[in-house]
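With the hints as your guide, set chains B and C onto chain A.
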Amino acid sequence: MIRSLLLALAVVVAALPALAVQPDEMLDDPALERRAREISQDVRCLVCQNQSIDESNADLARDLRVLVRERVKQGDTNQEVRDYLVARYGDYVLLKPPFGLSTLLLWASPALLLLVGALAVFLWFRGRGRASATQAGGAEAALSAEERRRLDRLLAGEDGPEDDGSGRDPGDRRA
Amino acid sequence: MIAELGHFALALAAAVALVQAVVPMLGAARGDGAMMAAAAPAALVQFGVLGIAFAALMHAYITSDFSVLNVIENSHSLKPLLYKVAGTWGNHEGSLLLWVTVLALFGALVAVFGRNLPPSLKARTLSVQALITLGFLVFMLLTSNPFARVFPPPIEGTDLNPLLQDPGLAFHPPMLYVGYVGLSISFSFAVAALIEGKVDAAWARWVRPWTLLAWTFLTAGIALGSWWAYYELGWGGFWYWDPVENASFMPWLAATALLHSAIVVEKRDTLKSWTILLAIIAFGLSLIGTFLVRSGVLTSVHAFASDPDRGIFILLLLVVAIGGSLGLYAWRAPGLQGGGLFRPVSREGALVLNNLLLSAAAATVFVGTLYPLFLEVLTDDKISVGPPYFNLTFTPIMGVLVIALGVGAMLPWKRGDLGAVTRRLTVACVVTAVLMGLAALLYWQRSALAVAGLGMAAWLAAATLTQLWQRVRPTARIGVGEGVRRMAGLPRAAWGMTLAHLGVAVIVAGATGASLLTQETISSGGPGDRFTVGDYAFTLESVDRVAGPNYAAERGTFRVTDAETGDEIATLHGERRRYVAGGQETTEAGIRSDLGGDLYAVLGQPTDDGGWTVRLYRKPLVPWLWIGSGLLVLGGLFSLSDRRLRVGAPRRSGTRAGGVARTQPAE
Amino acid sequence: MIRSRLIFLIPLVLFLVLAGYFAVQLLSGEDPRAVPSALIDKPAPDFDLPGLYAGEPGFATADLKRGGPVLVNVFASWCVPCRAEHPLLMRLAEEEGATIFGLNYKDKRADAKGFIEELGNPYARIGFDGEGRVAIDWGVYGVPETYVIDGSGRIRYKRVGPLQPRHLEEDILPLLEDLRS
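Protein chains in written order, with the numbering used here: chain A, 1 to 175; chain B, 1001 to 1667; chain C, 2001 to 2181.
Don't read these hints as lab results, they were simulated from the structure. Incorrect hints may appear among the rest.
Unchecked claim - Partner residues aside, some chain A positions facing chain B, computed with beta carbon under 8 Å:
#	residue
1	Gln22
2	Pro23
3	Leu27
4	Arg34
5	Arg44
6	Gln74
7	Tyr92
8	Leu95
9	Pro97
10	Leu104
11	Ser109
12	Pro110
13	Leu113
14	Leu114
15	Val121
16	Phe125
We put the CB at the ideal spot given by N, CA and C, even for glycine.
Just chain A, with the same shape it has in the complex:
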């Protein structure tokens, strides 16, 4: 346990001091270099975990950075470079997971979550509207709504709409 802690720390520390891309690795052509940076920022450093090779000082990260630059220089497209790395290290090497069957849920989840949430809110609103309509008869409800409005105006005259917690809407129905 102690050893694993020390090891973990050693890995962290080893990954940090000299940072990332070194000037001697860089390509002379600024456009190519920019593409290489762009690619390396999305490639995971396998030995240091949760860092891109662009940020990592690990030996392997350096090798991969050099490799990425070589491929870029040879005329590979960004996607070809990525494919080259994936063929050797698997999807794990990409910090941006590719779209695919196994990542469908991952990529769809934000939209899905919003949709489900919006639907729940909608149903809740509708349910409440119906419940209140059945609870109170039409005329009574209208009356109390009118009353509520009047009270609102009275209260609003006293203080701002939400600055005072004690200004609970007196028309609240409590369970």
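Just chains B and C, lined up with the frame of chain A:
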């Protein structure tokens, strides 16, 4: 001896926690006042005893007592005093001790400041709090005793990871812990309310200040961590979407949602079961975060040592605490009926939207963090979910939130008129358009996205200020001077909200600048060499050897001038330190901040030809990240000070509300 | 009413599923740092490395396609765990009659020779990969790594990190047996 005292205090605390968990709960069930009254003194004793344990460990660190294993592993006699103190919580066992101490602290605070809570609610809340404490104490005593001794003691310790030897990081964990352990109080209140079967405006009013307190510290803790990463890790990133960061960010998002939904419960007596659920989830996410960090299920740059036994134990704690409370929720929540009706377009409606977006954002972070784990269990495939995923998913959700926030805060309660609000925001729209135009002129070439980000920040700031102004001067009949005078009379909670929302705007601007507008030059050279970064010229003046208390360093001195005019702007010192004890190296960036942004210089490794690698950055608007975080914290404190004045209010308003309700025919 | 009650069960159910995943992951005892090879069941990459010792034959793809299953072990003299697993490799070669090829990763020739002299040579051939470029084609990310290749040159097994007796007994020897028959 003192270490044994600490160990004994831990065991004693467990016994007290057991009493505090059982007696008041039984008392509340039987309606026995004396048993319920035991909760408050027990909570105070609990805090006292754990305070002693914590002090004992700190004593071992300060005196470099190398007969204690924990001190050996994480300290060194040469370490400056501040870091000896910080070393207390810079490791697994010590940070757990801080965890339970903060748990007990919040229990004690409720015992002291909750005098006007109904006795049964207070007894049950403290009882639930004690149950959580008990769980963690047993965990510590069985698997992670910080007071374990070693014989014979070594002469020297192995030192605290030098990266952690930093003032920013010394205070980051305590802040963070007060934050996410503080959410335990909202959780305990929620569970107690479920047991009572009653959630009303008064309940929401009691919960909010505690949530706000926890939220404020959590905000400060996260901001400190981010700030530390920014200047210490040496390439000027401020957020990495690392699992451990996400572990603190998810509770923050949930707590933020909780703060807003509790307002609706308090003011409008609805959204009750949702608010209870959020309170459970917010603390549940803190617990899950603790599990992720300490069990080793996920890999992270800064996870603690992983140990499967500990993982199993924490998982059991999770199942009991979260599973138990969610089970209780499934059983009791259907009985919580909401009251106050409102239209979708209203302040309540806006707060519902806020909750929807914040929850979706939190869930997105959750899915992104845990998806690799799920996939691996299901298919053995291993993937990485890194920053690009979060930038593509989380950021748009937050964008919508920021835009909607500008309108939502203007809406009146119950029913609002979108048209009227839009008209009142005309000036804000114009201001936004002008500022966006300006940003486009400056930055369109570099990043169109940055223009959008800055536009959003401008919009939120303008809308928030408009809201404040309209509040003090709702009609043109009121003079401008009168409006300004009225500002002083606004409740502090109103100022709190305004400050916090402005804080969000400022952070959005800062994040945009830091992530999209940074200019960098990575090069190598020796003293006398000149490097250009955007409009700035950095000259490496000299590289000197300097000695620190427990490290030796190379210090590069950079002179920064205006690239065109040659005007002197700043002198920066970037250091590369090598620590004596472990031989580890760290970098200390030289940073010069002003409102416009940071100049950031890092001295890298020596090169073969006798020079050094240098990394130089111009990072526009970065200080806005910290200013904005400060505004958030300030907003929290302002609202909190307002709440404090109302500590005595709930009972009164409770009866008043009840009294008014009785006159209603519908009751 | 019942339906609306069920809604309140959703959080509990979701949480229990989550806890189940955590439990499975914890109890599996798998190292979360381990990355599975993308090359399993794929042909070994094309390469041709010079030998570690001058004059001796190198190590190339063709060596892997000679009919029988073989092992490939990535090692370096600077790698401490490589020392730890070395006796196992010796045992494999001497007692189990396995053919092991060595891939000497980012090493200095003299150091590597010293390593072999000190600990014994379990390798049929040793390829010298000073730049570590061939290792990248193999998807190497940590040393030591050990691969099992079948007679047709396909990678069938990969282990990252030092071999332990249980890897031999449970994985490698049965697999070799299987591939031979």
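Going through the hints against the structure:
1. The interface hint given for glutamine 22 of chain A is met, as the beta carbon of that residue sits about 6 Å from the closest beta carbon of chain B, less than 8 Å.
2. With a cut of 8 Å, the hint placing proline 23 of chain A at the interface with chain B holds, because the nearest CB-to-CB distance is about 4 Å.
3. Interface restraint check for leucine 27 of chain A: the shortest CB-CB distance to chain B comes to about 12 Å, outside 8 Å, so the restraint is violated.
4. Look at arginine 34 of chain A: its Cβ only gets to about 11 Å from chain B, farther than 8 Å, so that hint breaks.
5. For arginine 44 of chain A, the shortest C-beta to C-beta distance to chain B is roughly 5 Å, which falls under 8 Å, so the interface hint holds.
6. The beta carbon of glutamine 74 of chain A comes no nearer than 23 Å to any beta carbon in chain B, farther than 8 Å, and the hint placing it at the interface is violated.
7. The criterion of a C-beta within 8 Å of any C-beta in chain B is met by tyrosine 92 of chain A, whose closest approach is roughly 5 Å, and the hint holds.
8. For the restraint placing leucine 95 of chain A at the interface with chain B, the shortest Cβ-Cβ distance is roughly 3 Å, inside the 8 Å limit, so the hint holds.
9. Interface restraint check for proline 97 of chain A: the shortest CB-CB distance to chain B comes to about 5 Å, inside 8 Å, so the restraint holds.
10. About 11 Å separates the beta-carbon of leucine 104 of chain A from the nearest beta-carbon of chain B, more than 8 Å, and the hint is not met.
11. Hint status for serine 109 of chain A relative to chain B: holds, with the closest Cβ pair at about 5 Å, below 8 Å.
12. With a cut of 8 Å, the hint placing proline 110 of chain A at the interface with chain B holds, because the nearest CB-to-CB distance is about 4 Å.
13. About 5 Å separates the beta-carbon of leucine 113 of chain A from the nearest beta-carbon of chain B, less than 8 Å, and the hint is met.
14. A distance limit of 8 Å between C-beta atoms decides the matter here; for leucine 114 of chain A the minimum to chain B is near 5 Å, and the interface restraint holds.
15. For the restraint placing valine 121 of chain A at the interface with chain B, the shortest Cβ-Cβ distance is roughly 6 Å, inside the 8 Å limit, so the hint holds.
16. Residue-level restraint check for phenylalanine 125 of chain A holds (minimum Cβ-Cβ distance to chain B is 6 Å; threshold 8 Å).
The earlier numbered hints that this structure contradicts are 3, 4, 6 and 10.
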